[in-house]
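**Student:** Here are the chains, one letter per residue:
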Amino acid sequence: ILNVEQSPQSLHVQEGDSTNFTCSFPSSNFYALHWYRWETAKSPEALFVMTLNGDEKKKGRISATLNTKEGYSYLYIKGSQPEDSATYLCAFLNNRKLIWGLGTSLAVNP
Amino acid sequence: ETGVTQSPTHLIKTRGQQVTLRCSSQSGHNTVSWYQQALGQGPQFIFQYYREEENGRGNFPPRFSGLQFPNYSSELNVNALELDDSALYLCASSGSTTNSYNSPLHFGNGTRLTVT
Chain H
290 ILNVEQSPQS
300 LHVQEGDSTN
310 FTCSFPSSNF
320 YALHWYRWET
330 AKSPEALFVM
340 TLNGDEKKKG
350 RISATLNTKE
360 GYSYLYIKGS
370 QPEDSATYLC
380 AFLNNRKLIW
390 GLGTSLAVNP
Chain S
647 ETGVTQSPTH
657 LIKTRGQQVT
667 LRCSSQSGHN
677 TVSWYQQALG
687 QGPQFIFQYY
697 REEENGRGNF
707 PPRFSGLQFP
717 NYSSELNVNA
727 LELDDSALYL
737 CASSGSTTNS
747 YNSPLHFGNG
757 TRLTVT
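Line order of the protein sequences matches chains H and S.
Quick note: to get my numbering, add 289 to the position in the first sequence (first position is 1).
Quick note: to get my numbering, add 646 to the position in the second sequence (first position is 1).
Simulated from the structure, these hints should not be mistaken for laboratory data.
One should not assume that every hint holds.
Some chain H residues well away from chain S (every beta-carbon gap over 10 Å; in silico) [to be verified]:
1) N309
2) A321
3) H323
4) T340
Ranges of calculated distance between the beta carbons of each label pair, as one might list FRET restraints [unchecked claim]:
5) S/F715 <-> H/T311: 36 to 44 Å
6) H/T340 <-> S/G686: 41 to 49 Å
7) S/S719 <-> H/K367: 37 to 45 Å
8) H/A396 <-> S/L734: 43 to 51 Å
9) S/G741 <-> H/N398: 32 to 40 Å
10) H/T340 <-> S/S719: 26 to 34 Å
11) S/F715 <-> H/G343: 38 to 46 Å
12) S/T762 <-> H/K347: 20 to 28 Å
13) S/F715 <-> H/E359: 16 to 24 Å
14) S/Q687 <-> H/R385: 42 to 50 Å
15) S/N701 <-> H/E294: 24 to 32 Å
16) S/Q687 <-> H/K331: 36 to 44 Å
Idealized CB from N, CA, C, for every residue including glycine.
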């Protein structure tokens, strides 16, 4: 059974704090790793699709790194804002289907 | 650019009934996938359609079936509903001329199905 694990499960930070969380996935047969942000009452929004070991992607204050050899990806948020409050999901592409983690729920207090 | 839309937004059905959920893909997208998210769980892949043919399926029984139409809109059908089918059903489309599976997904807002 292939598992994608995300940690921590939830996180509370103050506005302005920088934070990061982890997505762990099987290191064999890697094709791609997706990151999504899911705000309450909205649909999931794609952040990054990462395919290459050592890849680093950035979108505004959010960035992600990828280590396919050891099977993990980090998502970083610099200077968190209340609008960053959401659940952050990662998904591992395996055999034509995405296997999802349970997400990290981030709450940013003003 | 029209986003992914799903209908209905909420639905209540009785055990044993059948249900059809609908999804209109984002303009220009030819791949659609369906996910089930039960309370407290991550999304579970149901199946994916590319140019009207199923080309990937998760661990769901045959009573979960789907269709993709020439305009790339899609339906998810569930027969013989069970209480455990109560969940949020998400549709996502992606655009790919090569069916590479590396394209980001564009999600609809989901259909909340309650089976009583």
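**Student:** At the C-beta level, are S/Q687 and H/R385 separated by a distance inside 42 to 50 Å?
**Tutor:** Cβ of S/Q687 to Cβ of H/R385: about 21 Å, so the range 42 to 50 Å is violated.
**Student:** Report holds if the minimum CB distance from H/A321 to chain S is greater than 10 Å, and violated otherwise.
**Tutor:** Label violated. Min Cβ-Cβ 5 Å, cutoff 10 Å.
**Student:** Starting from the range 38 to 46 Å, see whether the pair S/F715 and H/G343 falls in it by beta-carbon distance.
**Tutor:** Holds: the Cβ-Cβ distance is about 41 Å, inside 38 to 46 Å.
**Student:** Using the Cβ atoms, figure out if S/S719 sits within 37 to 45 Å of H/K367.
**Tutor:** holds, 39 Å
**Student:** With 20 to 28 Å as the target window, see if S/T762 and H/K347 comply at their CB atoms.
**Tutor:** violated, 47 Å
**Student:** Given the range 24 to 32 Å, decide if the beta-carbon distance of S/N701 to H/E294 lies inside it.
**Tutor:** holds, 27 Å
**Student:** Checking the smallest CB distance to chain S, is H/T340 really beyond 10 Å?
**Tutor:** violated, 6 Å
**Student:** Hint says 16 to 24 Å; check whether the CB-CB distance for S/F715 and H/E359 agrees.
**Tutor:** violated, 43 Å
**Student:** That 36 to 44 Å hint for S/F715 and H/T311 (C-beta), does it hold up?
**Tutor:** holds, 40 Å
**Student:** If I take the minimum Cβ distance from H/H323 to any residue of chain S, is it greater than 10 Å?
**Tutor:** violated, 7 Å
**Student:** Given the hint of 36 to 44 Å, check if S/Q687 and H/K331 actually sit that far apart at their C-beta atoms.
**Tutor:** violated, 19 Å
**Student:** Assuming the hint says 43 to 51 Å, is it satisfied by the Cβ distance from H/A396 to S/L734 or not?
**Tutor:** violated, 21 Å
Hint check: violations occur at hints 2, 3, 4, 6, 8, 12, 13, 14, 16; the rest are consistent with the structure.
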